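Q: Each chain is listed here by its residues.
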Amino acid sequence: MFLNLLFIASAILTILGAVLVLTTKNIMHSCVFLLTSLIGIAGLYATLGADFVAVTQVMVYVGGVVILMLFAVMLTGGKDFVSKAQNLLGLAPTMGNAFTYVMASFVGVVFILTNIQLIKRLGEFSKLKNNGSFVSTVNELGMLLVKDHILAFEISSVLLLGALVGAAIIARPRKQ
Amino acid sequence: MNQTIVSYLAQYEFFDFLIKIFGENSLLLTTLIFAIAAGVFVAVAATIGGLGTYAERKISADIQMRLGPNRVGPYGLLQFLADGVKMITKEDVMPNSADKFLFYLAPMLCLVGVFATLAVLPISSGFTLVDLNVGVFYLIAISSLVGLGVFLGGYASNSKWSMLGGMRGASQIISYEIPVTLSVLAITLTAGSMSFGNIVSQQEGFITNWFIFHNPFSFLAFFIYFVGAMAETNRAPFDLPEAESELVSGYHTEYTGMRFGFFALAEYIEVFVVSGVAAALFLGGYNLPVHVSIDILPIQFIQVTILVGKALALYYVIIWVRWTFPRLRVDHLMSICWKYLTPIAIFNLIGSAIWMVAFRGQSIVQILGH
Chain G
6 MFLNLLFIAS AILTILGAVL VLTTKNIMHS CVFLLTSLIG IAGLYATLGA
56 DFVAVTQVMV YVGGVVILML FAVMLTGGKD FVSKAQNLLG LAPTMGNAFT
106 YVMASFVGVV FILTNIQLIK RLGEFSKLKN NGSFVSTVNE LGMLLVKDHI
156 LAFEISSVLL LGALVGAAII ARPRKQ
Chain H
532 MNQTIVSYLA QYEFFDFLIK IFGENSLLLT TLIFAIAAGV FVAVAATIGG
582 LGTYAERKIS ADIQMRLGPN RVGPYGLLQF LADGVKMITK EDVMPNSADK
632 FLFYLAPMLC LVGVFATLAV LPISSGFTLV DLNVGVFYLI AISSLVGLGV
682 FLGGYASNSK WSMLGGMRGA SQIISYEIPV TLSVLAITLT AGSMSFGNIV
732 SQQEGFITNW FIFHNPFSFL AFFIYFVGAM AETNRAPFDL PEAESELVSG
782 YHTEYTGMRF GFFALAEYIE VFVVSGVAAA LFLGGYNLPV HVSIDILPIQ
832 FIQVTILVGK ALALYYVIIW VRWTFPRLRV DHLMSICWKY LTPIAIFNLI
882 GSAIWMVAFR GQSIVQILGH
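Sequence lines, in order, name chains G and H. Heads up: the first sequence begins at 6 in my numbering, then just goes up one per residue. Heads up: the second sequence begins at 532 in my numbering, then just goes up one per residue.
These are computed hints drawn from the structure, not numbers from a lab. Values in this document were obtained by computation on a predicted structure and should not be read as measured data. There may be inaccurate statements among the hints.
[Unchecked claim] Away from chain H, derived, C-beta distances all over 12 Å, residues of chain G: (1) Leu-10; (2) Phe-111; (3) Glu-159.
[Unchecked claim] Derived lysine-lysine pairs resembling DSBU-like cross-links, with alpha carbons at most 35 Å apart: (4) Lys-621/H x Lys-631/H; (5) Lys-617/H x Lys-180/G; (6) Lys-691/H x Lys-180/G; (7) Lys-551/H x Lys-617/H; (8) Lys-617/H x Lys-631/H; (9) Lys-691/H x Lys-551/H; (10) Lys-870/H x Lys-30/G; (11) Lys-617/H x Lys-152/G; (12) Lys-691/H x Lys-621/H; (13) Lys-870/H x Lys-180/G; (14) Lys-30/G x Lys-691/H.
Glycine included, every Cβ here is placed at the ideal spot set by N, Cα and C.
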């Protein structure tokens with residue numbers, strides 16, 4: 006009951022944030038609404054019993070990504086960057102040209118096809134649902150990361166290290 | 532698994548009486564207890580934050596051989612109430628070119644971020660609102676909302692001083708999060724848990740059981756945490772975001788009245804929270820020196836006193852540091868974080884891991900004792 010209420014609240018927060026991101030014209034406000042949406046997703050994870058993933062979501066997105074986005078937006082124009090282009094309904098900016106829409110619809114088709122595969126197996130997942138009591142996922146997650154998924158873990162850490170070194174090389178002062 | 536204040540109170544007899552009124556497993560009762568407890572937490576934290584401003588002025592006066600506020604109430608104790616009334620009755624000015632929505636949102640974000648951390652602050656073994664099993668991680672994650680509030684406050688004011696202050700604040704808070712998180716991780720590794728309740732209960736007993744004296748690396752981790760926490764809460768000598776000699780007052784230059792009050796209150800409560808966390812992670816938390824049953828209600832209040840006492844002692848040190856050291860330069864601030872604290876914290880983390888493997892998690896006292 007309580008979890009259902011929280012789930013619905015989080016879902017509404019996520020969808021509302023996403024809709025506001027699309028409809029608002031000020032890009033700084035968009036970033037803040039994106040924050041709402043991301044916190045809503047963290048809430049969804051929490052209600053599904055994935056406590057560690059939920060907190061990681063807040064850590065990575067609220068503490069890192071959104072602040073970086075705001076920084077990037079501010080340093081490249083900030084609130085002056087208001088899109089004047091409108092779509093047919095006059096509600097939202099058009100956001101791109103024909104090519105964007107072709108690519109987006111392609112991605113959309115792929116997304117829907119993969120989601121259908123997931124939805125097919127929905128019956129199996131619902132059997133796994135626990136009796137509402139939370140179990141700590143931290144230990145299990147840690148063991149899985151260093152046992153079964155060690156390759157993915159290492160590859161992503163090398164990728165992040167590469168990004169870090171690359172950023173340092175780009176940002177370092179040039180020798181004249 | 533997650534111990535909460537409701538599950539603690541459920542063991543007492545008066546709880547059965549409440550259950551009779553509200554019915555078995557009542558959602559309403561749980562919500563009500565949480566609401567009351569959260570209200571009490573927020574009210575007490577706000578009072579501590581308010582008294583923090585008084586303590587700041589009084590201690591600074593002491594250090595500079597002045598008297599400090601001494602007119603309102605005994606020893607000027609009610610000064611913070613007078614200030615609060617003054618702030619609420621002040622005119623709420625907003626700059627013409629400000630971003631209205633973000634201008635209103637920024638102080639709220641700061642305050643929400645700080646109040647959300649109170650949910651896991653281990654005030655005693657029973658009265659902690661909720662002892663999440665990812666408590667430490669949650670606290671670090673949710674407190675980054677404060678950085679966002681500082682940044683948005685600086686941006687929305689549309690003033691050059693606020694802008695510079697906000698940018699400094701955001702970059703400083705993001706940067707210092709890394710050494711702080713790494714040093715907390717060293718303690719998480721030592722305790723083998725991310726839940727505050729578990730970490731604190733492992734330090735039960737005499738002073739030698741505190742994690743700060745567990746091994747040389749955790750000793751170092753405490754100081755990294757403390758310096759980093761000072762920088763994260765924008766306290767001097769790291770108060771670059773509100774450097775009054777260059778930026779007027781930084782990100783809250785354009786704020787008046789209670790909106791400025793929210794920023795100030797958030798800062799003082801955050802200082803209390805980071806002191807409380809330092810006390811819980813390194814200095815034994817709410818544990819009494821002797822073993823006692825936690826089921827007795829007065830013991831809980833003694834535990835609260837112990838934790839708050841430790842936190843306030845650290846609070847004093849933070850204020851003391853503020854009025855003793857000069858402010859850092861921006862590039863020095865960044866080089867301290869990235870060139871000194873972060874490498875030391877990484878070394879520290881690896882050292883803790885090696886210690887845990889090499890000595891099977893024994894503390895230095897246990898090893899010397901044999």
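Q: Need the list of violated hint numbers for this structure, in ascending order.
A: When the structure is compared with the hints, numbers 1, 5, 7, 9, 10, 11 turn out to be violated.
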